[in-house]
Amino acid sequence: MKKLRISNKRIDDELLMKKRRAELDKWPTGKEVDFDEAVAYQKSLPDSKIWWKVMVKLREEGRMSVFPRAGTPILENMISLCQGLRDSGVVLIPVTTDSYTRLGQFEKVQGILEECERTGKPLLNGYPIINHGVKKTRKLVESVDAAFSPRGAGGEIAIASGLTTWNAGMGFLGFGSYSKNMTIRELAERSQNGMRVVGWYADRGVILCTDLHGWLPSSPFPLSVCIVCEIIEAVTAAEQGQKAMYPLVYCMGNMAQDLASIRLTPRLLREYLDKFGYKDTMITGTCPSQIPLFPVAMDMGGAFAYLNYICMIAALSKSNAVDLRSIDEGAGIPSRDTNSVSYRAAKWIFDVVREQKIELEVKDVDEEEKVAEIEIRTILDKILDLGDGDIVDGTIKAVESGVLDSPWSPNVNVKDKVLGVRDARGACRYLEFGNIPIPEEIKDFHRQKVAEREKLEGKKADYHTAVRDLWSFSKGKIVGIPPYNQ
Amino acid sequence: MKKLRISNKRIDDELLMKKRRAELDKWPTGKEVDFDEAVAYQKSLPDSKIWWKVMVKLREEGRMSVFPRAGTPILENMISLCQGLRDSGVVLIPVTTDSYTRLGQFEKVQGILEECERTGKPLLNGYPIINHGVKKTRKLVESVDAAFSPRGAGGEIAIASGLTTWNAGMGFLGFGSYSKNMTIRELAERSQNGMRVVGWYADRGVILCTDLHGWLPSSPFPLSVCIVCEIIEAVTAAEQGQKAMYPLVYCMGNMAQDLASIRLTPRLLREYLDKFGYKDTMITGTCPSQIPLFPVAMDMGGAFAYLNYICMIAALSKSNAVDLRSIDEGAGIPSRDTNSVSYRAAKWIFDVVREQKIELEVKDVDEEEKVAEIEIRTILDKILDLGDGDIVDGTIKAVESGVLDSPWSPNVNVKDKVLGVRDARGACRYLEFGNIPIPEEIKDFHRQKVAEREKLEGKKADYHTAVRDLWSFSKGKIVGIPPYNQ
Amino acid sequence: MKRVPTVITGTVGMDAHVIGTKVLSRALRDAGFKVVELGMQVTPEEFISVAQETRADAILMSSLYGMAELDLKGFNEKRMEAGLGDVILYIGGNLVIGRTDHKEVEKKFKALGFDRVYPPETDTDAGIEDLKKDLKAKGKM
Amino acid sequence: MKRVPTVITGTVGMDAHVIGTKVLSRALRDAGFKVVELGMQVTPEEFISVAQETRADAILMSSLYGMAELDLKGFNEKRMEAGLGDVILYIGGNLVIGRTDHKEVEKKFKALGFDRVYPPETDTDAGIEDLKKDLKAKGKM
Ligand code: B12
Ligand code: B12
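Protein chains in written order, with this note's numbering: chain A, 1 to 486; chain B, 1 to 486; chain C, 1 to 141; chain D, 1 to 141.
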């Protein structure tokens, strides 16, 4: 096999510092950041606020924390929201930023934020971390005994504020789910322009953790492409000096498949990180995450059941974190109360089930794991092939040729020639393979599984099946068995 | 092994008819019952109202129904309560009777019932089936497309009304949990006096189903005594002509132990029914049932999680029914709404998890099953020994000598020399064995498991541990690991 | 304490929920009280006659099954006639049917003559502390 | 139908939730409409200019991220100025932040000039039926 490479035009440190300043100068609060003082502040944080340490502690103690979503514009409300989370056992707290902040429209945010503070109304769908700046955000961090992670935006203002995660590497989430026109080349360049910020902190003894999202499957779709992208994210982040990371593993609702992905993802991550020579990069755990559509808010019963199913999966797989929504996921941004009750339910399951240290073997997990592993290795080989050993070049060519592809993409530069449906047991299968290089025998496996469902439903699976499947779980019914008494 | 016997003084049919009438004459509504018309009505019922057929259908179709609690005095409200249940997927509906009815105080009930109907207030804690009588109760049965079961009382008024279960045999529930002064001999006589009512119907082609309760462990306590009593109940009921039955399997909250009991109970039931020569008696399924204290009503999160845990156990064990409480279990008799939302949560899990046909192996299940099986066989051998082959005589002597014993009993004729606590994983263990004949090596197993917990908690387990354990699950914490960050 | 007060426990009416009153009785004994444990399904009349025989200082009733109010109809009058106006009366458990706000329940049962009314899952120590306080106040401890 | 009406779809403002509008667009096409699918993050101005260019009969906007009201400030005035008063305007999705009663939401957005307002998870067919009705009413179908 060729020597594996990651193209990376590194820039000199002086230019780096200039660029970092330029980034911060986009908004006045950037002035609050003094790089060395930020390092000092980070080093002054207790272990309970340092993301990677919290995760490792959770794993060592055989515990689990919910990793929720939480973002509301007014500082005081944000603090009380986070305290509510902590009270219900959450020690990994996100600072979900609003959409305008994510898009750098700070001017606009400022106006709305002032209106929020005047009226007391949450007019933004998240916490505008840039506009709030360091002083205020430190107040948030210091008022809750937990580790914080900026979501969607934050940059060095987040770090200076004491949040302890950073996303380096090729982030497919932004490319695949949030943007309309970005090209994969732009994504690669952005993550490859030598901005080794996370490395700069690491060199000074501040280890920032990251979660790997990969290419979010926004619908029932096999995870192989997503996991491939998490591996790409991992090695490119490691190249930037990221020393701690953990994968989000998207649970699509089929127990065997979910448990298989949870077992497979960190294993392959470790293997490829080592292959690329990043033996010192830690994998701090795994975080099962909920993807399929959520039961409509009106059905609180289904909402709780869905949450608790994911909690059971996380507990049975001995994960140390779980990315959980609230019972209001289908309705809108959750209130403090809906969050608390949701996470108390989760906590019950963690404390009662997780701590039983249950050892279990689920049939079909091995098969699902084998299938996914073959798919992932084949795709990665193809990518390294295309890049002639360079994973970044390979990735660019792979996306451009549809070797990496995902359905329902908002991005015009994505082929979007693939489609997924559930099989008779609710497992995700390829309906259309597009250009994803999947071995013939594996394709047959998918076809046969889909055929079982077609037999059960008495009609061919097609685009409309895929659309219906968007709701198969939120409506609390996997395909197949018709309603009782019919 | 000696020839197995069940003492049974059978009376002649004329006397039987007299006794049945006498029973019905206790309250005017008894007049509504014409035995032959009752048989005709039963035979006219659709399969969807016949308990044993519904259970078998559920099992064949790989489905599950909640088997809830439901009893409210006013007919109209009872109907709407049951319709609410049916809407949330319940096809096995109980008619929980009020406490006064259970104790035959129909005079008193009548007064209160009239006040209920006048004021519209539910002043009774259940449905007074005797006072309502046949016509009214048929209205209930006919207005909901599901099978009905009288709980606690009902007699032939229930049968004539179209409810399709009947409890023959030695019902330990009444003896062990509901009465203060009944002797085991009285229980034996009552169930052995030859009142072969269920057999009378069976002879006429009407098969009434029953659930086996055994001796309810009202606290964390190993199930072996309970399952022994279910076996006694089963064979004595079969002797009365009961052709269809299924066990309630009490889930105490430890997954390995719960799954073990669910696997073990029907297996041993079948074996002993056959041994006693009742090969034609059907076991229509298994019904996991929730026992430990419920999370206080205030914590809805915990309540949902607890319900959903039990549902997961039921789903993973492929049971066809689950005896489920509502999120208000700790608060009081549930309203129609709290029931519905609770059972919708359950339904989500059944439809999504149960129908995945998950095959799983949980470590320790085999061990728990082996331990319980040895205990049960040893106790049963001892009983047959005491009875010199007669299981009824043996049971009487066993209870009198504490060979059969259970903690926290309200009955003054129970030894109550035993006690249970949870181990470090939440499994139920014997703390005090009393006179239960448990083999030394099994006793050591329990002691060692308890010792693990004592080590973890740094103090000896005693009476106070057992009391604390009454709440270990309702408070959402199995013993062991101290709270995070301490 | 100089004098050992006598306390009667039990579930009233047809209530079969005996665990709570058992736990409570043992706790009272451990706290040094003389406990007359009547167990489950004790009639109001029995509470009264036993109180007379044992010269009890307090009656701690339990009821979980929701019928307490009906079970206690006329109880207060009877105990007054029996000259037990001085006996301390507590009751605890799920006193009514269904989910209700404890404040209302408390009002209801105080009207029935109870000095203190406890919600489900009350910690026994709390009740025992109250009892000591009330007994001291009456100079009975 | 004699004439094939033109419909514009897309998510307004910075909303990236594109799945819904994709599903909707395909459904509209299958129902025989000419669909100009703008995808996600379409500015109000773009909706207007495209409507002018394509002489669109209707605009079916989506917004799930909760910022629709802000995104649409002044939109109605602009489209009137642009002489698009006759264009049918629908919007659907999670239109506000958090859990709210749809009635209020509907009022809010009708005030912003929308003819119909749909809650999350609306079945596309429902919307398409409405659209046909409204187009027929305007004699455009
Ligand atoms: C176990 C149980 C049973 C067992 C009881 C076994 C036995 N013989 O004890 C069985 C199966 C027999 C049973 C039967 C019934 N039960 Co039941 N049962 C329960 C359950 C699950 C737990 C009760 C318990 O043991 N708690 C543990 C003890 C230790 O707690 P406790 O009693 O509250 O007592 C503590 C404190 O309250 C305090 N305390 C108690 N009394 C007093 C008094 C004073 C003065 C003080 C200071 C403190 C104090 O001290 C104790 C220790 O801390 C509850 C639901 C729940 N809570 O989870 C339902 C529940 C009490 N049962 C209920 C009902 C309706 C029934 C039945 C009518 C029908 C049925 N559903 O089966 C029958 C009635 C039988 C009868 N005639 O009474 C309802 C009551 C409804 C209501 N009030 O609105 C409940 C709430 C369940 C429900 N939501 O439907 N039940
Ligand atoms: C998938 C998803 C995402 C994906 C989107 C991927 C993509 N590019 O499409 C990602 C991860 C990128 C994402 C991001 C965010 N999301 Co989001 N997301 C969801 C989720 C889970 C499902 C949405 C979906 O795809 N539904 C499936 C489609 C088919 O249904 P639909 O859009 O409702 O459309 C149907 C009908 O409504 C109807 N319809 C739609 N529009 C119209 C219009 C008309 C005229 C008619 C007639 C019919 C119609 O037709 C469709 C087919 O039936 C929802 C929660 C949920 N519902 O479970 C949250 C949710 C919408 N997201 C939310 C939020 C807050 C965000 C973020 C701001 C932050 C975050 N939490 O990540 C960012 C915002 C990004 C941005 N700039 O917009 C919130 C919105 C909160 C609110 N409004 O109060 C939700 C509700 C989750 C929550 N409770 O917090 N999200």
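Simulated from the structure, these hints should not be mistaken for laboratory data.
What you are looking at is a predicted structure, and each value in this text was computed from that prediction instead of being measured.
The beta-carbon is built from N, C-alpha and C at its ideal position, and this holds for glycine as well.
Where hints are given, some of them may not hold.
Unchecked claim - Chain C regions said to be covered by chain B (calculated; three or more residues, Cβ under 8 Å):
(1) 44-57
(2) 71-82
(3) 126-137
To be verified - Listed below are the simulated SDA-like cross-link pairs for lysine to any residue, each with C-alpha atoms no more than 25 Å apart in a straight line:
(4) A/K139 to A/S335
(5) D/K108 to A/R118
(6) A/K31 to A/K43
(7) A/K477 to D/D123
(8) D/K103 to A/R336
(9) B/K417 to C/K107
(10) B/K475 to C/A126
Going through the hints against the structure:
1. 44-57: This one is violated; 0 residues, fewer than the three required, reach chain B with a Cβ under 8 Å.
2. 71-82: Result for this restraint: violated, n = 0.
3. 126-137: Since three or more residues must qualify, the claim that chain B covers the segment 126-137 of chain C is violated, with 0 doing so at under 8 Å.
4. A/K139 to A/S335: Between A/K139 and A/S335 the Cα gap is close to 21 Å, so the pair holds against 25 Å.
5. D/K108 to A/R118: holds (21 Å)
6. A/K31 to A/K43: holds (21 Å)
7. A/K477 to D/D123: Roughly 17 Å separates the two Cα atoms, so the pair holds.
8. D/K103 to A/R336: holds (24 Å)
9. B/K417 to C/K107: violated (40 Å)
10. B/K475 to C/A126: holds (18 Å)
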